[in-house]
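One letter stands for each residue in the lines below.
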Amino acid sequence: MSAPARQLELGRIGEIVRRPDGIPKTTGEFAYASDLQAAGMLWGHTVRSPYAHARVLSVDIGEALRMPGVHAVLTHDDVPGEKLYGLEFPDQPVLAVDRVRYFGEAVALVAAEHPEQARRAAEKIVVEYEPLEQVRIHLAGVGDAFGGREDLSMQIHGALLALHASRPVKMVYNREESFIGHVHRHPARIWAEHRATREGKLVAVRMRILLDGGAYASSSTAVTSNAASFACGPYDVPNALIESTCVYTNNPPCGAMRGFGAVQTCFAAEAQMDKLAAELGIDPVELRLRNALAPGHVLPTGQRIEGSLPVADVIRRAAELEPPPAEELPRDPLRLPGGAGNTTRGEGIRRGVGFAVGFKNLCYSEGFDDYCAARVKLLEDGSAEVHCAAAEVGQGVAGVILQVARTELGIDDVRLAPHTTATVDSAGSASASRMTMMASGAVRDACRAALEERELRGGEVDIERIYRHPRTSPLDPQTGQITGERAHVAFAACAMRVVAEVDLELGLTRVVWIGAAQDVGKALNPQAVEGQIEGGTAQGLGLALMEEIQTRDGLITNASFTDYLIPTALDMPPVESVLIEDPEPDAAYGAKGVGEPPTVVSTAAILSALRDATGLELNRVPVRPDDVVGL
Amino acid sequence: MDVLTPSTLDEALRLKAEVPAARPIQGGTDVMVELNFDRARPPALLNLNEVRELRGWSRENGTLRLGSGLTYTEAMAGPLAEAFPALAEASRTVGSPQIRNRGTIGGNLGTASPAGDALPPLLVRGAEVELASVRGARTLLLTEFLVGPKRNALEPDELVTAVRVPAGPGSETFMKVGPRNAMVIAVVSLALRVDGDELLASYGSAGPVTGLVRAPLSERAGFPEQVAAAASPIDDVRGTSAYRRHALRVLTTRALDRCLA
Ligand SMILES: Cc1cc2nc3c(=O)[nH]c(=O)nc-3n(C[C@H](O)[C@H](O)[C@H](O)COP(=O)(O)OP(=O)(O)OC[C@H]3O[C@@H](n4cnc5c(N)ncnc54)[C@H](O)[C@@H]3O)c2cc1C
Numbered sequence: 001m002s003a004p005a006r007q008l009e010l011g012r013i014g015e016i017v018r019r020p021d022g023i024p025k026t027t028g029e030f031a032y033a034s035d036l037q038a039a040g041m042l043w044g045h046t047v048r049s050p051y052a053h054a055r056v057l058s059v060d061i062g063e064a065l066r067m068p069g070v071h072a073v074l075t076h077d078d079v080p081g082e083k084l085y086g087l088e089f090p091d092q093p094v095l096a097v098d099r100v101r102y103f104g105e106a107v108a109l110v111a112a113e114h115p116e117q118a119r120r121a122a123e124k125i126v127v128e129y130e131p132l133e134q135v136r137i138h139l140a141g142v143g144d145a146f147g148g149r150e151d152l153s154m155q156i157h158g159a160l161l162a163l164h165a166s167r168p169v170k171m172v173y174n175r176e177e178s179f180i181g182h183v184h185r186h187p188a189r190i191w192a193e194h195r196a197t198r199e200g201k202l203v204a205v206r207m208r209i210l211l212d213g214g215a216y217a218s219s220s221t222a223v224t225s226n227a228a229s230f231a232c233g234p235y236d237v238p239n240a241l242i243e244s245t246c247v248y249t250n251n252p253p254c255g256a257m258r259g260f261g262a263v264q265t266c267f268a269a270e271a272q273m274d275k276l277a278a279e280l281g282i283d284p285v286e287l288r289l290r291n292a293l294a295p296g297h298v299l300p301t302g303q304r305i306e307g308s309l310p311v312a313d314v315i316r317r318a319a320e321l322e323p324p325p326a327e328e329l330p331r332d333p334l335r336l337p338g339g340a341g342n343t344t345r346g347e348g349i350r351r352g353v354g355f356a357v358g359f360k361n362l363c364y365s366e367g368f369d370d371y372c373a374a375r376v377k378l379l380e381d382g383s384a385e386v387h388c389a390a391a392e393v394g395q396g397v398a399g400v401i402l403q404v405a406r407t408e409l410g411i412d413d414v415r416l417a418p419h420t421t422a423t424v425d426s427a428g429s430a431s432a433s434r435m436t437m438m439a440s441g442a443v444r445d446a447c448r449a450a451l452e453e454r455e456l457r458g459g460e461v462d463i464e465r466i467y468r469h470p471r472t473s474p475l476d477p478q479t480g481q482i483t484g485e486r487a488h489v490a491f492a493a494c495a496m497r498v499v500a501e502v503d504l505e506l507g508l509t510r511v512v513w514i515g516a517a518q519d520v521g522k523a524l525n526p527q528a529v530e531g532q533i534e535g536g537t538a539q540g541l542g543l544a545l546m547e548e549i550q551t552r553d554g555l556i557t558n559a560s561f562t563d564y565l566i567p568t569a570l571d572m573p574p575v576e577s578v579l580i581e582d583p584e585p586d587a588a589y590g591a592k593g594v595g596e597p598p599t600v601v602s603t604a605a606i607l608s609a610l611r612d613a614t615g616l617e618l619n620r621v622p623v624r625p626d627d628v629v630g631l
Numbered sequence: 632m633d634v635l636t637p638s639t640l641d642e643a644l645r646l647k648a649e650v651p652a653a654r655p656i657q658g659g660t661d662v663m664v665e666l667n668f669d670r671a672r673p674p675a676l677l678n679l680n681e682v683r684e685l686r687g688w689s690r691e692n693g694t695l696r697l698g699s700g701l702t703y704t705e706a707m708a709g710p711l712a713e714a715f716p717a718l719a720e721a722s723r724t725v726g727s728p729q730i731r732n733r734g735t736i737g738g739n740l741g742t743a744s745p746a747g748d749a750l751p752p753l754l755v756r757g758a759e760v761e762l763a764s765v766r767g768a769r770t771l772l773l774t775e776f777l778v779g780p781k782r783n784a785l786e787p788d789e790l791v792t793a794v795r796v797p798a799g800p801g802s803e804t805f806m807k808v809g810p811r812n813a814m815v816i817a818v819v820s821l822a823l824r825v826d827g828d829e830l831l832a833s834y835g836s837a838g839p840v841t842g843l844v845r846a847p848l849s850e851r852a853g854f855p856e857q858v859a860a861a862a863s864p865i866d867d868v869r870g871t872s873a874y875r876r877h878a879l880r881v882l883t884t885r886a887l888d889r890c891l892a
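Chains as they are written, first to last, in the working numbering: chain W, 1 to 631; chain X, 632 to 892.
Since the hints were derived computationally from the structure, they do not count as laboratory data. This one's a predicted model, so the numbers in the text were calculated from it and none came from an experiment. Among these hints, one or two may not hold up.
Claimed, not checked - Okay, the calculated beta carbon distance ranges per label pair:
| hint | chain 1 | residue 1 | chain 2 | residue 2 | range |
| --- | --- | --- | --- | --- | --- |
| 1 | X | Asp-669 | W | Lys-25 | 23 to 31 Å |
| 2 | W | Asp-553 | X | Asp-669 | 19 to 27 Å |
| 3 | W | Asp-35 | X | Ala-708 | 32 to 40 Å |
Backbone N, C-alpha and C define an ideal beta-carbon position, used for all residues, glycine too.
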């Protein structure tokens with residue numbers, strides 16, 4: 001990687017830039033939204049359904065209203081205007097009307113002086129329910145919980161309380177409520193059939209994908225379609241029949257989550273590729289290379305790959321990464337499966353090596369086209385101010401915006417105004433691996449326009465530009481084929497090689513090392529890209545080994561970080577990343593979104609290593625100790 | 632809610648007698664969770680952190696006396712870790728460094744969870760619990776102190792002052808199974824000690840209370856099966872009954888190899 005020549009804070013495009021939020025977040029001084037305070041502020045609280053499915057016969061708020069400190073108690077009667085909302089269909093009530101359809105559905109709201117007063121008042125609300133039979137289609141393992149930013153949770157509720165009480169209102173979901181009040185990844189059950197020639201060339205893929213959407217639609221239709229779009233993996237498949245279905249259930253609602261449907265299908269498709277390789281006696285990496293998708297190929301949806309998609313290169317570079325040699329025994333138990341639990345000194349341990357590759361779309365697809373605005377002011381004193389409403393959600397987009405502006409304007413003195421749509425048009429959502437791509441395009445265009453303007457007129461300049469990605473159009477609802485030139489804007493691929501150790505007798509695992517090669521177009525800030533790869537990998541590792549929302553009859557049974565486990569530093573191996581820079585022709589600087597591909601691939605790659613170590617099929621994630629020991 | 636902060640044991644016992652509902656708090660790693668989750672609202676907290684008599688450990692006439700305020704971090708280090716290796720190993724499995732810095736052995740006894748990690752190493756040593764009140768002091772075997780899941784034999788006016796175990800030689804180890812490699816509540820755990828001709832095993836998270844199983848060394852071959860059979864595990868969100876029993880067999884086999892190597 002190129003060593004930065006200038007001060008870490010003032011880097012241009014392609015250089016490592018230190019993140020201003022890094023130190024405050026590490027030391028705990030960073031002010032998150034839950035740290036906000038305002039004069040006269042009230043605390044909001046949500047009253048939730050204890051049933052997964054019930055008729056609401058009555059809601060009595062009389063006693064709650066008389067409790068100390070209470071300023072507002074609201075039910076669906078108090079919702080003015082539209083009582084339903086939803087990302088694609090308005091099917092979800094702001095507050096339940098006559099029926100609740102999932103455990104934890106919001107029924108009433110309270111605002112009070114103190115959070116405890118709000119909680120106490122909430123306990124005094126008497127809701128009479130008549131439990132109803134649930135429609136249960138099938139029971140599957142439930143996935144992960146992250147990425148609820150796309151969805152609404154407490155936004156309408158907070159606004160209602162504030163409107164009613166004419167006071168600022170604060171609502172903070174505690175950990176348990178976050179499991180209930182935010183959407184999750186869709187649990188999936190997938191059936192797949194792969195056909196190939198003896199030489200290992202794929203002939204046909206059939207796949208049936210069944211997704212559990214939970215009680216309300218949220219972005220389920222888009223996730224369902226995306227799962228189908230990426231079902232075959234980054235391979236040239238001449239014949240494909242893919243059926244992707246999402247069902248309503250009384251389980252917790254699912255929506256957008258890092259990987260957006262491609263995670264589930266990558267797990268299935270890559271397991272198939274390993275099986276196929278074994279059946280044909282072809283090296284698994286070689287089999288993948290023989291089928292690697294490339295520009296010019298046509299996807300099962302009929303879309304021709306036009307831009308950058310260096311799948312073969314990604315596969316080759318990941319396969320070339322050399323894992324560390326096997327560690328000797330005896331060794332510190334922290335470096336063995338079971339870790340701090342001290343369960344083995346080497347007994348029962350088997351090492352496995354796995355491989356997987358996957359790909360995903362970047363930006364919104366299928367006609368959900370959007371844009372990003374940026375505004376640049378060139379000031380008298382030679383400095384510049386950038387306005388862009390791109391949401392900094394920890395991914396580092398604020399730094400990228402400044403890098404772009406410093407690069408384009410050729411100056412160091414650039415300030416980023418507060419992220420708000422008050423002074424500049426929308427930037428769209430921080431999701432779909434789109435924010436960096438869209439914001440760098442918008443800021444680049446605004447900077448260039450500002451320089452031109454100053455060239456023409458001189459003096460101070462203030463200019464706003466809108467950036468749009470290439471247009472997309474929906475897939476035909478009957479045939480699943482493209483209706484225009486493309487359904488997806490661009491693609492990115494990632495491949496991983498994984499070394500894992502498994503304690504075959506106890507079913508415990510340790511992922512030892514991960515080598516990743518990712519197609520990033522252009523690394524705007526290489527260190528931030530590596531951070532995304534590591535973070536995305538950790539999330540996929542969680543799904544592979546431990547993260548599961550468990551339910552019984554629609555009720556979440558492990559809504560806490562005591563029982564919903566996420567990886568610790570001891571579970572996460574070092575990740576060696578290779579950044580493959582094959583510029584995306586239509587994107588600013590050729591940069592691609594980088595957030596999702598590692599999450600798409602790491603679950604599949606870890607499973608491949610576990611299968612190698614155990615010789616088992618392991619067709620379910622997370623892998624439970626029981627699955628390994630055969631109980 | 633009042634916070635009462637005595638600075639001597641006598642004062643602490645007097646306050647506990649005056650306000651029996653006052654909740655003792657040492658590290659607070661269990662108490663604060665209960666308060667934050669609104670599961671308990673005691674009228675007062677009895678903060679024991681300033682009571683010097685409860686801190687640290689000592690060696691007295693062939694006995695190790697661990698103050699109820701002994702933290703896991705303290706149990707993991709120095710001569711105590713050498714004198715009581717299974718407790719040190721168990722302490723290393725507890726939570727995160729922050730929890731180990733705050734959490735205490737006395738708190739683990741107070742909570743009396745079948746998943747409490749300090750309990751199996753204490754049980755295989757035949758630990759005794761020292762209890763005190765304004766009425767006087769008494770000593771109970773740890774097996775008598777643990778009366779049910781999250782229930783112990785403390786009277787409302789009593790405090791745990793210390794735990795005592797024989798300091799004698801012997802070979803011992805502790806192991807804990809969880810689906811994550813650190814900071815996890817035991818799916819199942821095991822302490823094993825070979826004390827002369829006797830085998831002692833204690834399992835956690837595999838029954839309503841932490842269990843203790845003994846056998847003569849001559850019955851080593853059947854011991855893993857004996858331990859697995861003695862447990863009465865259930866299916867819950869953390870694991871299945873079948874897995875817990877299976878794991879106990881594996882852990883006991885490995886622990887015997889370790890301790891008799
Ligand atoms: C994140 C996290 C991880 C954890 N991981 C583990 C783990 O891996 N293994 C494990 O075993 N535990 C774990 N725990 C639970 C907890 O840390 C332990 O039970 C610890 O030993 C409690 O000690 P404490 O000093 O913090 O107890 P406190 O919370 O202060 O008290 C616990 C109980 O004991 C009572 N008590 C305390 N001192 C006395 C006394 N002297 N006399 C009478 N009663 C008393 C209190 O009233 C209370 O009922 C974890 C907790 C958290 C929050």
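Hints and how they fare:
A beta carbon spacing of about 29 Å between X:Asp-669 and W:Lys-25 agrees with the range 23 to 31 Å that was offered as a hint. Judged by the Cβ atoms, the range 19 to 27 Å given for W:Asp-553 and X:Asp-669 holds: they are separated by roughly 25 Å. Taken as a hint, the range 32 to 40 Å holds for the pair W:Asp-35 and X:Ala-708, whose Cβ atoms sit roughly 36 Å apart.
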